[in-house]
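**Student:** Sequence:
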Amino acid sequence: MKKNRQRLLGSALFVLLLVPTGPALSEPLQDSIELAAVLGSLLSDEGEIATAFSWAWGSAPNDPIEWQHNGIKEAPKADQQQHGFYQRRGNVVVTIDGKPTHEVLAEKVHPGRFSVTLRGPRAGWTSVVIESDVTAPELCSVRLESLGDGLSFEKTRCKNEPASAGTPVYAVRKAGKKPAWIRNEYSAGSAGCSQTYEIIFVQDKADAVQCWGED
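Quick note on the numbering used here: the sequence shown kicks off at 6 and runs consecutively.
Take the hints with a grain of salt, since some may be wrong.
[Said to hold, decoys possible] Cut-off 25 Å, straight-line C-alpha distance, at most; resulting in silico cross-link-like pairs (DSS-like, lysine-lysine):
#	residue 1	residue 2
1	K210	K160
2	K183	K164
3	K104	K179
4	K210	K179
In case anyone wonders, no lab produced these hints; they're calculated from the structure. Quick caveat, the model's predicted, so the values are computed rather than measured.
Could you put the whole structure together from the sequences, leaning on the hints where they help?
**Tutor:** This is the structure:
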């Protein structure tokens with residue numbers, strides 16, 4: 006009987022170890038997340054009918070994003086008309102194949118970071134902007150098309166932007182997820198490149214993105 010109880014206790018502990026503890030964005034590295042993983046985590050499931058999503062996204066105990074304030078706060082007046090009256094803002098080290106996308110030289114060299122801004126009405130966020138903190142040479146080689154994690158990208162708008170700056174739009178797809186679009190705004194100069202990714206969930210809005218140099 007005692008042996009049977011020990012076996013049952015061991016089996017129960019094993020099962021508990023297999024149960025997910027929360028919607029963590031990243032497991033192996035603290036304070037960092039793969040670019041493909043963060044983009045994939047923003048896609049909603051097929052069949053999802055919600056148009057606004059929980060402000061608690063990315064806020065589980067093990068999630069790597071460092072949020073800069075409690076809860077949500079009022080967005081800048083200039084952004085409210087187009088993007089909603091509220092936002093939640095944080096930052097995180099973003100990696101590709103385990104390596105930070107860029108480095109920053111302060112007193113010492115350290116990994117560069119991206120800001121993450123959720124935007125929308127009080128009911129929930131409806132769009133996300135992920136933006137590099139500095140201009141860096143390493144960011145010039147970042148290509149969405151090369152990301153893995155089951156994501157596929159197809160350039161649908163602003164396909165022939167110049168190398169110096171542009172705002173191409175990509176349709177992003179993943180099995181079991183609803184399609185979305187990413188507006189990739191980039192700028193290149195003597196100090197390197199900057200990268201901004203806006204995740205868009207409405208095709209009409211993606212189709213309305215203004216290309217570089219358009220009036």
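**Student:** None of the hints should be skipped; say for each whether it holds.
**Tutor:** Comparing the hints with the structure gives:
Proximity of K210 to K160 is assessed by CA-CA distance (about 15 Å); at most 25 Å being required, the pair is judged to hold. At roughly 23 Å between alpha-carbon atoms, K183 and K164 fall within 25 Å of each other, so this suggested pair holds. This hinted pair checks out: K104 and K179 have alpha carbons roughly 23 Å apart, not beyond 25 Å. For a cut-off of 25 Å, the pair hint linking K210 to K179 stands: about 20 Å separates their Cα positions.
Violated hints: none; the structure is consistent with every hint.
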